[in-house]
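Undergrad: Could you build all of it, start to finish, from the sequences and the hints given here?
Protein chains in written order, with the numbering used here: chain A, 1 to 387; chain B, 1 to 74.
Note that these hints are calculated values from the structure, not bench results. By construction, the Cβ of each residue, glycine as well, lies at the ideal position given by its N, Cα and C atoms. One should not assume that every hint holds.
The calculated DSSO-like cross-link candidates involving lysine-lysine, where the alpha carbons are at most 27 Å apart (straight line), are [said to hold, decoys possible]:
hint : chain 1 : residue 1 : chain 2 : residue 2
1    : A       : 343       : A       : 319
2    : A       : 52        : A       : 266
3    : A       : 53        : A       : 273
4    : B       : 57        : A       : 52
5    : B       : 70        : A       : 53
6    : B       : 70        : A       : 38
7    : A       : 53        : B       : 31
8    : A       : 49        : B       : 31
Short derived list, chain A residues pointing at chain B, Cβ under 10 Å [as the list claims (entries may be wrong)]:
hint : residue
9    : 32
10   : 33
11   : 35
12   : 36
13   : 39
14   : 51
15   : 63
16   : 227
17   : 230
18   : 238
19   : 326
20   : 328
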Amino acid sequence: MVYFDNAATTGKKPLSVIKAVNRSLYEYSANAGRGGHKASIKAAEEIFKVRKKVALLFGASGEENVIFTPSCTAAINYVLKGILKPNDGLVISSLEHNSVTRPAETLKKMGVELSVAEVIFSDKEATVRSFERAIKPNTRMVVCTHASNVTGEVMPIEQIGRLCKDKNIIFVVDAAQTAGVLPINVNKMNIDFLCVAPHKGLYAPMGTGILIANKNIDTVLVEGGTGVNSALSVQPEAFPERMESGTLNLPGILGVGAGVDFVLSKGVEKIYKSELELTKYIYSGLKNISGVILYTPYPEYGNNAPVISFNLRGLSASKTAELLDKFNIAVRGGLHCAPYTHKRLGTIEDGTVRISPAIFNTKNEADFLLFTLNSIAMKNKPYKFKS
Amino acid sequence: MQRYFIITGTITYAIKCRDALRHSGYSAELKRAVNVGGNVGCGYGVVTVCDINEIKKILSHYAIRYLQIKKEGD
Numbered sequence: 001m002v003y004f005d006n007a008a009t010t011g012k013k014p015l016s017v018i019k020a021v022n023r024s025l026y027e028y029s030a031n032a033g034r035g036g037h038k039a040s041i042k043a044a045e046e047i048f049k050v051r052k053k054v055a056l057l058f059g060a061s062g063e064e065n066v067i068f069t070p071s072c073t074a075a076i077n078y079v080l081k082g083i084l085k086p087n088d089g090l091v092i093s094s095l096e097h098n099s100v101t102r103p104a105e106t107l108k109k110m111g112v113e114l115s116v117a118e119v120i121f122s123d124k125e126a127t128v129r130s131f132e133r134a135i136k137p138n139t140r141m142v143v144c145t146h147a148s149n150v151t152g153e154v155m156p157i158e159q160i161g162r163l164c165k166d167k168n169i170i171f172v173v174d175a176a177q178t179a180g181v182l183p184i185n186v187n188k189m190n191i192d193f194l195c196v197a198p199h200k201g202l203y204a205p206m207g208t209g210i211l212i213a214n215k216n217i218d219t220v221l222v223e224g225g226t227g228v229n230s231a232l233s234v235q236p237e238a239f240p241e242r243m244e245s246g247t248l249n250l251p252g253i254l255g256v257g258a259g260v261d262f263v264l265s266k267g268v269e270k271i272y273k274s275e276l277e278l279t280k281y282i283y284s285g286l287k288n289i290s291g292v293i294l295y296t297p298y299p300e301y302g303n304n305a306p307v308i309s310f311n312l313r314g315l316s317a318s319k320t321a322e323l324l325d326k327f328n329i330a331v332r333g334g335l336h337c338a339p340y341t342h343k344r345l346g347t348i349e350d351g352t353v354r355i356s357p358a359i360f361n362t363k364n365e366a367d368f369l370l371f372t373l374n375s376i377a378m379k380n381k382p383y384k385f386k387s
Numbered sequence: 001m002q003r004y005f006i007i008t009g010t011i012t013y014a015i016k017c018r019d020a021l022r023h024s025g026y027s028a029e030l031k032r033a034v035n036v037g038g039n040v041g042c043g044y045g046v047v048t049v050c051d052i053n054e055i056k057k058i059l060s061h062y063a064i065r066y067l068q069i070k071k072e073g074d
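TA: Next up, the structure:
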């Protein structure tokens, strides 16, 4: 399988990640942070080591600020629904994923005032001005994706972070597409809550999520056993346990640790450059295929994550993806759970085909993808007579 | 020197506490705490042999939250 759907989850995991997951079940199979026996303590220590690595990677103040969640989506929900109250203002960008827009719409029904800051493609300053306009006196929180999962557009996170800091507004960043691909430092970027999908750019197992929390969360969405303060009917106050009710996903978390090691061994910068070079190569190839409609600009360093959206004229996005799948090429066709973005692109009815390379993809694979797409486009030539 | 049980509550702070004490040159071991700190229930802590003022200095320096410091055996 030639896998180019890494924006959904990285298709190939490093051997070290697979080994870490295996090892967790062989050597540390106990309920971490619950019992007093050696196995439970050892499991908790292994998880602590991963918190330490994650804290270092994202510049978090301490290990306690690293909260493990079932997914990046869960992390976003914990923050939005745990903090916002009726009459609070919430500003989100126009490129958000449903992981943000759906909880935001639910909160709107409960009395939260929702505003959308229009992203101006390839114009960071204009985008920041959009956020400035969207912010109102009651704005309590700004949520922004670090990079669109449809277009790869990288958002001016540092500038928006400064804006939020100046106005004393909570700043939440959805780094699902960028953690492990672009450098992130929560303190330098004034990020109060960073939500991470480690199964993507950190090459960790699916079913893992990370929330880096620099501020308190008033209401805890998922309550239950934490291994601490068990005689009390309320959640403990201290992070991370306050947010981690239920048995922790030890195999997944140790996979996260190995994934962080893998990314650090390669270097975030090197990974980004390598993925972007391949993205540029594919982009240039797509431009030479008759009938290709591109929805993303030529990928530029710092402006784009390694994501391309396109369509083949006369074919639906899902049909193109289906045809590629017949040649064992995995891409994503459809709306990519980001309807706001597709409304902007004018592709809300049919979506786009998304190609998203990762570090394991090769130029040979890109050539095979382009050759196959060209063949599909040639066979589909009657489109010329449709319009 | 006296043996103390520093009750941190969470395992995360217990590990941070242990590492901070060890980094400062003291022996320290994790231990499960049952129904401690005003009967709040289970939790974790660290057993160490160290001067009480030194313990407080280390905990403050590393910003480690704790619930209680007990003389071991109390």
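Undergrad: All hints are to be evaluated individually against the structure, with a verdict given for each.
TA: Against the structure, the hints come out as follows:
1. A:343 with A:319: This hinted pair holds, its Cα atoms lying about 20 Å apart.
2. A:52 with A:266: 19 Å, holds
3. A:53 with A:273: 23 Å, holds
4. B:57 with A:52: With a Cα-Cα distance of about 23 Å, the restraint between residue 57 of chain B and residue 52 of chain A holds, given a limit of 27 Å.
5. B:70 with A:53: Given that 27 Å is the threshold and the Cα spacing comes to 32 Å, the pair is violated.
6. B:70 with A:38: Holds: residue 70 of chain B and residue 38 of chain A sit about 23 Å apart, inside 27 Å.
7. A:53 with B:31: OK: residue 53 of chain A and residue 31 of chain B at ~24 Å, within 27 Å.
8. A:49 with B:31: 18 Å, holds
9. 32: 8 Å, holds
10. 33: Residue 33 of chain A check passes; min Cβ-Cβ to chain B is 4 Å, inside 10 Å.
11. 35: Since chain B brings a Cβ to about 7 Å from residue 35 of chain A, closer than 10 Å, the hint holds.
12. 36: Holds. Min distance 3 Å.
13. 39: 12 Å, violated
14. 51: Since the shortest Cβ distance to chain B is 7 Å, the answer is holds.
15. 63: At 6 Å from the nearest chain B Cβ, residue 63 of chain A passes the 10 Å test, so the hint holds.
16. 227: Holds: closest Cβ of chain B sits about 7 Å from residue 227 of chain A, inside 10 Å.
17. 230: 3 Å, holds
18. 238: Status holds, d = 5 Å.
19. 326: 49 Å, violated
20. 328: 44 Å, violated
Violated hints, in rising order: 5, 13, 19, 20; the structure is consistent with all others.
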